[in-house]
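**Q** Residue numbers (this note's numbering), protein chains in the order written: chain Z, 1 to 383; chain H, 1 to 383.
What the hints contain is simulated information worked out from the structure, not anything from laboratory work. Glycine included, every Cβ here is placed at the ideal spot set by N, Cα and C. The reader is advised that the hints may include incorrect statements.
[What the hints assert, rightly or not] Just a sample of chain H residues kept apart from chain Z, beta carbon distances all over 10 Å, derived:
1. Gly124
2. Gln194
3. Ser216
4. Asp298
5. Ile299
6. Gln358
[As the list claims (entries may be wrong)] Once the Cα atoms are required to be at most 30 Å apart in a straight line, the calculated DSBU-like pairs of lysine-lysine come out as:
7. H/Lys137 / Z/Lys252
8. H/Lys137 / Z/Lys247
9. Z/Lys252 / Z/Lys144
10. Z/Lys137 / H/Lys247
11. H/Lys137 / Z/Lys305
[Said to hold, decoys possible] Covered stretches of chain Z, as calculated for chain H (at least 3 residues, CB under 8 Å):
12. 54–67
13. 269–282
There are 2 protein chains.
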Amino acid sequence: MNNSDYIDRDAEGEVGIVDYSDFSCSEPLDFALGGRLESFNIRYETYGTLNADKSNAILVCHALSGDHHCAGVYSISDRKQGWWNNIIGPNKPLDTNKYFVIGSNCIGGCLGSTGPGSINPATGKPYNMTFPIVTIKDMVAAQKRLIDYLGISRLKLVIGGSMGGMQALEWAVDYPDSAEKIIALATTAYQNAQAIAFNEVGRSAIMRDPLWNGGSYTHSSFPADGLSTARMMAHITYLSKVGLDAKFGRHKRNLQSGDPNSIFMPSFEIENYLHHQGESFVNRFDANTYLYFTKALDIFDLRGKNGTLEETFASVKAPVLTVGFTSDWLFPPSQNREIVNALIRIKKRAAYAEVESQLGHDSFLTESPRLYELIRNFLDANA
Amino acid sequence: MNNSDYIDRDAEGEVGIVDYSDFSCSEPLDFALGGRLESFNIRYETYGTLNADKSNAILVCHALSGDHHCAGVYSISDRKQGWWNNIIGPNKPLDTNKYFVIGSNCIGGCLGSTGPGSINPATGKPYNMTFPIVTIKDMVAAQKRLIDYLGISRLKLVIGGSMGGMQALEWAVDYPDSAEKIIALATTAYQNAQAIAFNEVGRSAIMRDPLWNGGSYTHSSFPADGLSTARMMAHITYLSKVGLDAKFGRHKRNLQSGDPNSIFMPSFEIENYLHHQGESFVNRFDANTYLYFTKALDIFDLRGKNGTLEETFASVKAPVLTVGFTSDWLFPPSQNREIVNALIRIKKRAAYAEVESQLGHDSFLTESPRLYELIRNFLDANA
Numbered sequence: 001m002n003n004s005d006y007i008d009r010d011a012e013g014e015v016g017i018v019d020y021s022d023f024s025c026s027e028p029l030d031f032a033l034g035g036r037l038e039s040f041n042i043r044y045e046t047y048g049t050l051n052a053d054k055s056n057a058i059l060v061c062h063a064l065s066g067d068h069h070c071a072g073v074y075s076i077s078d079r080k081q082g083w084w085n086n087i088i089g090p091n092k093p094l095d096t097n098k099y100f101v102i103g104s105n106c107i108g109g110c111l112g113s114t115g116p117g118s119i120n121p122a123t124g125k126p127y128n129m130t131f132p133i134v135t136i137k138d139m140v141a142a143q144k145r146l147i148d149y150l151g152i153s154r155l156k157l158v159i160g161g162s163m164g165g166m167q168a169l170e171w172a173v174d175y176p177d178s179a180e181k182i183i184a185l186a187t188t189a190y191q192n193a194q195a196i197a198f199n200e201v202g203r204s205a206i207m208r209d210p211l212w213n214g215g216s217y218t219h220s221s222f223p224a225d226g227l228s229t230a231r232m233m234a235h236i237t238y239l240s241k242v243g244l245d246a247k248f249g250r251h252k253r254n255l256q257s258g259d260p261n262s263i264f265m266p267s268f269e270i271e272n273y274l275h276h277q278g279e280s281f282v283n284r285f286d287a288n289t290y291l292y293f294t295k296a297l298d299i300f301d302l303r304g305k306n307g308t309l310e311e312t313f314a315s316v317k318a319p320v321l322t323v324g325f326t327s328d329w330l331f332p333p334s335q336n337r338e339i340v341n342a343l344i345r346i347k348k349r350a351a352y353a354e355v356e357s358q359l360g361h362d363s364f365l366t367e368s369p370r371l372y373e374l375i376r377n378f379l380d381a382n383a
Numbered sequence: 001m002n003n004s005d006y007i008d009r010d011a012e013g014e015v016g017i018v019d020y021s022d023f024s025c026s027e028p029l030d031f032a033l034g035g036r037l038e039s040f041n042i043r044y045e046t047y048g049t050l051n052a053d054k055s056n057a058i059l060v061c062h063a064l065s066g067d068h069h070c071a072g073v074y075s076i077s078d079r080k081q082g083w084w085n086n087i088i089g090p091n092k093p094l095d096t097n098k099y100f101v102i103g104s105n106c107i108g109g110c111l112g113s114t115g116p117g118s119i120n121p122a123t124g125k126p127y128n129m130t131f132p133i134v135t136i137k138d139m140v141a142a143q144k145r146l147i148d149y150l151g152i153s154r155l156k157l158v159i160g161g162s163m164g165g166m167q168a169l170e171w172a173v174d175y176p177d178s179a180e181k182i183i184a185l186a187t188t189a190y191q192n193a194q195a196i197a198f199n200e201v202g203r204s205a206i207m208r209d210p211l212w213n214g215g216s217y218t219h220s221s222f223p224a225d226g227l228s229t230a231r232m233m234a235h236i237t238y239l240s241k242v243g244l245d246a247k248f249g250r251h252k253r254n255l256q257s258g259d260p261n262s263i264f265m266p267s268f269e270i271e272n273y274l275h276h277q278g279e280s281f282v283n284r285f286d287a288n289t290y291l292y293f294t295k296a297l298d299i300f301d302l303r304g305k306n307g308t309l310e311e312t313f314a315s316v317k318a319p320v321l322t323v324g325f326t327s328d329w330l331f332p333p334s335q336n337r338e339i340v341n342a343l344i345r346i347k348k349r350a351a352y353a354e355v356e357s358q359l360g361h362d363s364f365l366t367e368s369p370r371l372y373e374l375i376r377n378f379l380d381a382n383a
């Protein structure tokens with residue numbers, strides 16, 4: 001169900017009330033590292049109106065813990081906005097007065113698209129760990145099916161941050177004629193060792209949780225502890241040291257407990273914050289999808305057989321903008337700059353911009369007039 | 001048992017074969033945040049010879065996962081050297097031809113000194129979580145008892161890195177007449193929010209392990225998974241991003257398994273390395289001590305009631321050298337510099353030095369001619 005009628009009723013410069021749609025693809029999808037789905041579902045949302053020649057579509061790719069719900073709210077009573085509501089909407093950088101913006105849940109996900117927790121029609125049971133290994137290439141291949149289904153032959157823009165930025169780059173490489181422009185934020189062309197290391201600790205925490213049970217668990221008994229630990233740790237990597245000092249410092253909570261060991265309960269505000277992050281995450285995210293998506297990140301390496309990005313980027317046609325954020329230590333500016341340097345060396349149109357921010361990796365999700373301006377200018381420029 | 005006779009027989013510039021000693025203190029120890037031990041043990045080692053007027057003693061303070069075994073080996077067949085064997089020995093920076101070097105296991109530890117795993121004489125059972133909360137101040141108070149017992153009224157130097165650096169600073173503040181000089185490496189005067197955050201994730205991993213069981217476990221059934229996860233994560237923070245890229249990059253292990261999900265086994269070298277670190281740690285370290293020591297780190301804050309270091313440092317008499325390592329992001333150079341800046345503002349003798357290194361926080365443990373020179377020069381200078 002498309003809700004553009006609802007959207008049009010919103011007069012406050014917001015996307016307003018939205019709903020998701022499901023695209024059921026009955027053509028098999030073969031995965032890059034082996035395995036196949038005979039059919040699959042992609043959940044998506046759209047904002048704005050597709051024009052007559054279907055030339056104004058923008059695809060937004062989500063990060064590890066994101067989803068298709070990029071903007072607006074689901075109802076008057078549900079005030080939780082989509083994760084990029086600050087970027088998408090009337091007169092916003094991805095202006096829904098001009099563009100038809102599409103958000104979709106990645107294949108392998110747990111929020112509507114087919115993933116490890118979905119029922120395998122062949123067995124009547126969840127795929128769990130029999131789900132094919134998912135790569136960024138597979139995510140993009142599934143998105144391409146959705147775009148084809150929507151009748152769009154060429155996207156105006158593919159944009160995303162972090163894992164979403166990897167997808168945007170993969171679009172440029174795999175479907176050079178299907179995307180006019182690419183914006184990749186806070187990302188990398190190949191996962192670095194430290195990021196792999198953090199992901200492996202998260203996966204270990206999940207797989208060591210007895211309730212993980214080899215990936216076979218239920219809605220009432222699942223590895224919440226392992227997933228929470230993984231999320232708490234990962235969340236630290238999304239924020240900067242200086243940002244944490246500024247926001248939390250050494251502020252303590254006022255514990256009333258007379259228990260002398262209450263000191264081992266979260267007593268600093270930062271501890272409490274992390275526990276809150278962990279708890280809210282396990283209520284909305286699936287542990288097996290976390291394993292598959294972090295592995296997709298770790299596998300990601302756009303360098304070709306000769307070890308260079310230039311080899312892979314030979315196919316790129318779209319101008320590419322990458323944006324690094326100064327305090328992002330997960331995918332630091334240098335890794336975003338490296339992408340553009342490789343493109344420029346082979347005479348492709350590419351630009352790198354750096355945004356000053358204390359908010360770490362999550363900077364791409366937050367209020368940033370400078371980022372807004374970069375997106376607007378890149379979209380408005382002649383391709 | 002003191003092994004200086006063995007040490008003297010070594011002709012290769014090494015401390016050689018050593019053994020530990022135990023100091024059983026029967027005077028009660030009151031802890032800074034409450035609680036008391038009626039008696040306790042401190043395990044320690046010494047290298048070199050105490051001179052006649054007992055003026056050549058150096059106390060080495062260990063970090064979170066360290067112990068009293070700082071130098072030498074326990075036997076011809078046990079080739080595992082003490083953790084600072086590169087620093088301590090004949091003609092080394094802490095020169096055992098000149099100095100009597102003491103390493104001791106911190107109170108609360110699990111490697112010989114009384115800690116949560118020790119038997120409480122009052123109950124005949126392990127203390128477990130009834131052990132008093134341990135602070136850096138308590139560690140130093142217990143060390144002071146050992147130094148008194150050894151008949152040493154004034155140490156030539158107190159030196160340590162990371163948690164050991166905190167202890168060295170605490171010596172300067174709490175016992176200004178008992179230490180002639182202080183060297184604190186890769187440390188901080190107060191734990192920052194990011195470091196607290198990582199420690200809390202580690203503690204959560206342990207306390208969520210069903211085998212932790214409220215801190216009550218056995219040698220055959222203990223929270224190895226939780227402790228391993230905590231160590232794997234912490235180990236990432238001890239190394240630098242650039243160091244990990246240089247050492248491991250994206251190198252993969254050759255997995256022979258035909259299991260399609262072997263991809264979720266450690267497949268990158270960095271993953272394998274972390275698992276190895278986790279496994280070896282659980283074989284030598286106690287989960288409850290990990291909880292207590294990380295909490296001691298997090299509680300540590302030398303700032304006085306008015307929020308300044310100057311207030312606390314008013315008592316300091318010893319010259320203080322702090323050393324930061326350029327790629328240390330756990331206790332970065334700025335935090336080491338801040339200590340010296342505060343001391344200088346109140347006219348204390350203090351110096352800050354920065355050592356270029358790609359090895360992150362662990363730099364203080366590794367081969368470094370520049371660090372060696374800094375230690376030698378500071379020791380040789382007139383106090």
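**Q** Taking a Cβ-Cβ distance under 8 Å as contact, does the segment 269–282 of chain Z have three or more residues in contact with chain H?
**A** Coverage by chain H holds here, the residue count being 5 at a Cβ distance below 8 Å.
**Q** Sort out whether lysine 247 of chain Z lies within 30 Å of lysine 137 of chain H, counting only the CA atoms.
**A** holds, 28 Å
**Q** Measuring Cβ to Cβ, find out whether aspartate 298 of chain H lies farther than 10 Å from everything in chain Z.
**A** violated, 7 Å
**Q** Given the hinted pair lysine 137 of chain H and lysine 252 of chain Z, is their Cα-Cα distance within 30 Å?
**A** holds, 20 Å
**Q** Just want to verify: isoleucine 299 of chain H was marked as not at the interface with chain Z; is every Cβ pair farther apart than 10 Å?
**A** violated, 8 Å
**Q** Could you let me know if the closest chain Z CB is still more than 10 Å away from the CB of glutamine 194 of chain H?
**A** At roughly 5 Å from the nearest Cβ of chain Z, glutamine 194 of chain H sits no farther out than 10 Å, so the non-interface label is violated.
**Q** Assess, step by step, whether the Cα of lysine 137 of chain Z is no farther than 30 Å from the Cα of lysine 247 of chain H, and give holds or violated.
**A** With Cα atoms ~28 Å apart, lysine 137 of chain Z and lysine 247 of chain H stay inside 30 Å; holds.
**Q** Checking a non-interface call: every C-beta of chain Z should be farther than 10 Å from the C-beta of glutamine 358 of chain H. Is that right?
**A** Given a closest Cβ separation of 13 Å, the condition holds.
**Q** Given the hint that lysine 252 of chain Z pairs with lysine 144 of chain Z, test it: the Cα-Cα distance must not exceed 30 Å.
**A** violated, 49 Å
**Q** Determine whether the non-interface label on serine 216 of chain H survives the test: each CB of chain Z must be over 10 Å from its CB.
**A** It holds; serine 216 of chain H is separated from chain Z by about 12 Å at its closest Cβ, greater than 10 Å.
**Q** Examine the segment 54–67 of chain Z for residues whose CB is less than 8 Å from any CB of chain H, and state whether their number is three or more.
**A** This one is violated; 0 residues, fewer than the three required, reach chain H with a Cβ under 8 Å.
**Q** Within a Cα-Cα threshold of 30 Å, do lysine 137 of chain H and lysine 305 of chain Z meet the stated pairing?
**A** violated, 56 Å
Hint compliance for this structure: hints 2, 4, 5, 9, 11 and 12 are broken, all remaining hints hold.
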